[in-house]
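Asks: Sequence:
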Amino acid sequence: MVDVFISYSRRDKAFVQSLHQALQANNRDTWVDWQDIPLGTAWWNEIQSGIEASDTFIFVISPDSLASKVCNQEIDHAVLYRKRLMPIVRRDDFDSALLHPSLGEHNWLFFRERDDFNQAFQSLIEALDTDLNHVRMHTRLLIRAIEWENNGRNDSFLLRGSDLTKAEQWLKDSEEKHPAPAEQHKNYISKSRQAENASNRAKRLVGMGAAAMVIMFAIAAIFAQQRIQSAEAKVENLTSERDRIAEEADRNLSEIREEQRIAEAKVDEADRNLAIATQRLTDANRRVKLAEAQTTQAGVAREQAQLAAQQAQVQQQRAQQQAAAAQRQQAEARAEAGRVRIATGLEQRGADLLRRTSTQFGIVN
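Yeah, the sequence shown ends on 501 if you go by my numbering, and it's all consecutive.
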């Protein structure tokens, strides 16, 4: 924003430069077009922006400015936006018929050659400082309204909250003030209020919806809490059951381990018994084999004994037979001996008889 926009004719440039310097010396920002160039779109847009951003529009009245097309366009733009107009007369030899209608509605300050510049300038400063807060608010809101218009009336450029409240209060207080609010101000503030109300309604609806959601969530939370409590109870029961099962499992495991230990001890004992039995079996097998061997030997011996007995019997029988034969032979021998003895006796007797006979008959052998 700037404090002052100066609209003038190039023929009054020297005066405007003096006025500009005096304003600068009093800490007043000024917007002055020092370039004497043809009207163009970019240049004119810049002029318009300068007017819109200024708190006060100073129009330097002279025959040349009243006849200037550009100066009349500038004042039209300032009037369109209800800028605070401050006409100052530099040369009064003008045709009053050329005066813009809005210029006649305001008090004029005279800066003619014959007037006291310093005194007139002091009056200008006092006028510029009159109701300054109102004027600056006028400018700020206008700039925002134009920005909103230039951005397709996007709601994001509207007033909100405390800014809107201040703007509405300013609009209400501006009924008897100068400059009066422009239609742009009124429309912008009205649209801002509509958007704010719609936003508030939406927020209330959202709040109601949020409240409903909160209630729903609360109900859901209650049910969820109940379910959680039920789940926790189930978890607790399951935990207790798990602990019980775990304890029982531990006991069973201990019992199983004890049974396993006993079983392993029994297996070890069985292994020892098996080893002993195996050894005993081995010994028994050895004894059986020995007995079998002995039995076999006994059988052989028995068979041999039987055979020997049989042989003995045979020998006995043979012996008996031989004895019988011997007895027979003995008997026969005895008989033979008897016969021999008899024969010998007979022979002896025959010899004796012969010898005696020979002797008797004198026969000599």
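Hints should not be assumed to be uniformly reliable.
What the hints assert, rightly or not - List of simulated lysine-lysine pairs, DSS-like, C-alpha gap at most 25 Å: (1) K370 / K322; (2) K402 / K425; (3) K149 / K205; (4) K308 / K322; (5) K327 / K339.
Note that these hints are calculated values from the structure, not bench results. In this text the structure is predicted, and so the values were computed from the model without any measurement.
Asks: Determine for every hint whether it applies to the structure shown.
Replies: Right, here's what the structure says about each hint:
1. K370 / K322: violated, 67 Å
2. K402 / K425: Given that 25 Å is the threshold and the Cα spacing comes to 32 Å, the pair is violated.
3. K149 / K205: holds, 17 Å
4. K308 / K322: Since the Cα atoms of K308 and K322 sit roughly 10 Å apart, the hinted pair holds (cutoff 25 Å).
5. K327 / K339: The given pair, whose Cα atoms are some 18 Å apart, holds under the 25 Å limit.
Consistency with the previously given hints fails for numbers 1 and 2, ordered from lowest to highest.
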